[in-house]
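The working numbering applies: residue 346 is where the sequence shown begins, and numbers increase by one.
To be clear, the hints were calculated from the coordinates, so they are not data collected in a lab. Check before you lean on any hint, since a few could be wrong.
[As the list claims (entries may be wrong)] For each label pair, taking beta carbons as the anchor points, the in silico distance ranges come out as:
#1 Thr358 <-> Lys424: 47 to 57 Å
#2 Asp381 <-> Arg426: 31 to 41 Å
#3 Asp417 <-> His366: 20 to 30 Å
#4 Ser362 <-> Val399: 52 to 62 Å
#5 Met394 <-> Thr359: 19 to 29 Å
#6 Val383 <-> Leu416: 49 to 59 Å
#7 Thr358 <-> Ile410: 39 to 49 Å
#8 Phe396 <-> Asp354: 22 to 32 Å
#9 Thr353 <-> Lys424: 32 to 42 Å
#10 Lys376 <-> Gly413: 30 to 40 Å
#11 Tyr429 <-> Leu382: 44 to 54 Å
#12 Asp381 <-> Val405: 28 to 38 Å
#13 Ser367 <-> Asp419: 41 to 51 Å
Everything numeric in this text was worked out from a predicted model, so none of it was measured. Backbone N, C-alpha and C define an ideal beta-carbon position, used for all residues, glycine too.
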Amino acid sequence: MPIIRPITDLRNTTEISELCHSKKEPVFITKNGYGDLVVMSIETYEREMAFADVYKKLAVAENQIKHGELLDGDAVFAKLRSKYGK
């Protein structure tokens, strides 16, 4: 369940910081009852960016498969072995 807090709670930065670190998920800040900001710890931000990067790479790979842009696995491994040995 998402964590939603009013913007007035930002006055207590220590509490918001502890909440972000303990829950390890974004905290949604509302202003006049509407979504306004998202606050999260650096660890959560880095995790979310890593997931976004993986999803982006998966989308590229799926698009390559869809368009037949495939490489032969044996040829790729042979090339890597010749370049890096063993």
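Comparing the hints with the structure gives:
Between Thr358 and Lys424, the C-beta spacing of about 53 Å keeps the proposed range 47 to 57 Å intact. Our hint of 31 to 41 Å for Asp381 and Arg426 is violated, since their Cβ atoms are close to 54 Å apart. Checking the proposed 20 to 30 Å range against Asp417 and His366 shows it is violated: the Cβ atoms sit about 47 Å from each other. For Ser362 and Val399, the Cβ-Cβ distance of about 27 Å falls outside the hinted range of 52 to 62 Å, so the restraint is violated.
A beta carbon spacing of about 25 Å between Met394 and Thr359 agrees with the range 19 to 29 Å that was offered as a hint. Distance hint check for Val383 and Leu416: the Cβ-Cβ separation is about 39 Å, which falls outside the suggested range of 49 to 59 Å. Between Thr358 and Ile410 the beta carbon distance is about 47 Å. The supplied range of 39 to 49 Å therefore holds. Range check, Phe396 to Asp354: about 27 Å between beta-carbon atoms, so the 22 to 32 Å window is met.
Roughly 60 Å separates the CB atoms of Thr353 and Lys424, a value that falls outside the hinted 32 to 42 Å. Under the hint 30 to 40 Å, the C-beta atoms of Lys376 and Gly413, about 49 Å apart, miss the expected range. Checked against the hint of 44 to 54 Å, the pair Tyr429 and Leu382 passes, with Cβ atoms roughly 47 Å apart. Take Asp381 and Val405: their Cβ atoms lie about 33 Å apart, and the range 28 to 38 Å holds.
For the pair Ser367 and Asp419, the supplied restraint of 41 to 51 Å holds, since their beta-carbon distance comes to about 49 Å.
The structure fails to meet hints 2, 3, 4, 6, 9 and 10 from the earlier list, while all remaining hints are met.
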